[in-house]
Amino acid sequence: MSALGGLAMAVLLLVPAGAGLLLVGLADYRRGARLNVGAALASFVAALLLIGARPEANLYLRVDDFNIYLIVLNNLVSFTTSVFSASYIAHELETGKLTPAYLRFYHATYQALLFAMNLALLANNIGLLWVAIELATLITVLMVGLYRTPAALEAAWKYFILGSLGIALALFGTILVYLAAQPVMGQGLPAMAWDRLQAHAGQFDPALLNLAFVFLLLGYGTKAGLAPLHAWLPDAHAEGPTPISAVLSGLLLNVALYAVLRFKMLMSANPAALAPGPLMVGLGLLSLLFAGLMLYRRGDIKRLFAYSSIEHMGIITFAFGMGGPLANFAGLLHMTMHSLTKSAIFFAVGHISQVKGTQRISTIRGLTASHPLLGWGLIAGVIAIAGMPPFGVFMSEFLVVSSTFARQPLLALPLVLGLLLAFGTLLWRVHGLAFGVPDNAPAAPVQASVWPMLTHLGLVLLAGIWLPGPLVAWFHHVAVLLG
Amino acid sequence: MHSLEFDIAHFLAGGMVVLSFLLLYQDRVYALLNVFALHSLVLALAVGWQAYIQEAHHLYVTAGIALVFKAIVIPMALRRIVRRLGIHRTLEVVGGVGRDMLAGAALVALAIMVMLPVTVGADALAREDLAFALAVLLLGLLLMVNRHNAISLVIGFMSLENGLVLAAAGARGMPLAVEISVAFSVLIALIVIGVFLFRIRERFDSVDMQAMDSFRESRLK
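Chains C and G, in that order, give the protein sequences. Note that this note's numbering gives residue 170 to position 170 of the first sequence, counting from 1, and the numbers run on in steps of one. Note that this note's numbering gives residue 1033 to position 33 of the second sequence, counting from 1, and the numbers run on in steps of one.
Certain hints may be false.
Under 10 angstroms between C-beta atoms, here's a sample of chain C residues computed to sit facing chain G [stated by the list, open to error]:
1. Leu138
2. Leu169
3. Leu176
4. Ala207
Source of the hints: derived by calculation from the structure; they are not laboratory data. This structure is a prediction, so every number in the text was calculated from the model and none was measured. Yeah, the Cβ is synthetic: ideal placement off N, Cα and C, and Gly gets one too.
Please take these sequences and the hints and turn them into a complete structure.
As structure tokens, then:
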């Protein structure tokens, strides 16, 4: 059993790393795209295998009940995104926005990013986790600046500075956690391993842990796009290639949040330490309300959905901050649903901005008439992300709101206000995009691959109607673990 | 009282804080680069000293990286960039030097008041090192917030990062310290390449990006 698990774990790391190296040297972009899809598929299969066969934990890597679900989700979305990316990129090449040399670079960085995210999720070591997230930051900076336009470079630079700042703060927090662990657990690697830290966290010095958590929350919170450190996120989403927007929103934000949650578990294991909940509730609400207000005046379609990602990260952080089995359950479900829905929306938006040749909301009209499949796909995605039934996001948001009403009715007021703000704005915006008379500018023909979008929306719809029993039981189990 | 080992470690870490203050009021690009090179040199000495007294040989690698890469290569590369891009004029200091120094002093006090009480359990050397490291980190942040050009931003970030390396070296027996300093060096190298390749001069006014955000929105409409 565990031999198979070990193999699967090796595949998850080595296949993306190896494919990344191969892709650097592969000149033909079609074969590059196919290899990209193939490598992502192999990783996804390996992730599925890990569910059944868990490898033994060592001091560096580990699979447990919590990270396995993010690993599967991560590799599923990176696989579907690679399929979407193949058709998206072909069009960018035709229109001359990218050259084959850049595509080689693009595919190699895509796999490198996959490697970094898998490493961050699999890491059983807070130092390794930090290195992996740092690597992911660097790679996404390169990808955001891919188009080399002044706006793209500006976005990449801003992301670079804010991301590095977050990374630096997180490192200071990591050092402090090690210092808290060292008197109890002795020097060396075991004092940085998650499973051992978790077991001994009760004896750590609470004051050091508190200070560490503040740094970690701010540091990794920057990477998760929490207000007030979110400023990089809308630019990075709007100016980079759309597959990268999908990966950023759907995956990288989750990985950063995963790091925060791991440290939150350490905090909860120490009764004398500060309760991490109120801090996270505060940051979550701030992000939600801020993004809700900012959504209103967006002129760029990708920017609009980037702010919606900040909003949802706020909701998820809020839910985990509330804590308790029910709110944690809602948070986990929302993480999954947001990641699937938001990447589906970006798939639709990517093709829409290609057929219309613009990202400006005011110039896109009547999509349902001109491009029915893309238009209705976008509508379905927006309805889902706004939290309307019958989609899965409705369920998770409903759970967050109802558990908050039951425990802290006063906190539920700003929460609901933020949700309504975002809901109203998104529906109003999509109404303009999807209906009305299409402008008669000749649309560029696009070989759109709609399957990734339809698969994601189908999964979200399915989750809204019926969640399989084992999945619910498993979510519940992890929710209890999270405390 | 304290041993000589402690005193020397203390002196070197304290030296970094003083040099961070010097960074705060430099108003010419070359002077800023020189002070930063000195900052990295002191860091290399401090880390090397920690390697010696902790008998942690891997820390010599970290010290070597700091010496070669940050005290020599990076300042030279930046000097070249400055000459090529022709930005060697004076740097404006927002709000004046006096205000900066006061804010810096307040931040150092804050670092000491935050770190010393929470690390009562740790040994004296690690405690003081951490307090100094946090002070260097905060001063680096202050430099980043207060300056309006890419070079100062990069220098601010690198001095902040020197503080982090100091903290990692001071934490007794911390694993992966070398790997982390390598990862950081890659990051910095990329930042510097970024400044050079992208010809980033004066366009990025501050890290307060809110203003830029609304500016771009208005351009889009």
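To see whether the hints hold, each was checked on the structure:
{"no.": "1", "hint": "Leu138", "verdict": "6 angstroms, holds"}
{"no.": "2", "hint": "Leu169", "verdict": "8 angstroms, holds"}
{"no.": "3", "hint": "Leu176", "verdict": "8 angstroms, holds"}
{"no.": "4", "hint": "Ala207", "verdict": "4 angstroms, holds"}
Comparing the model with each earlier hint shows no violations; every hint is respected.
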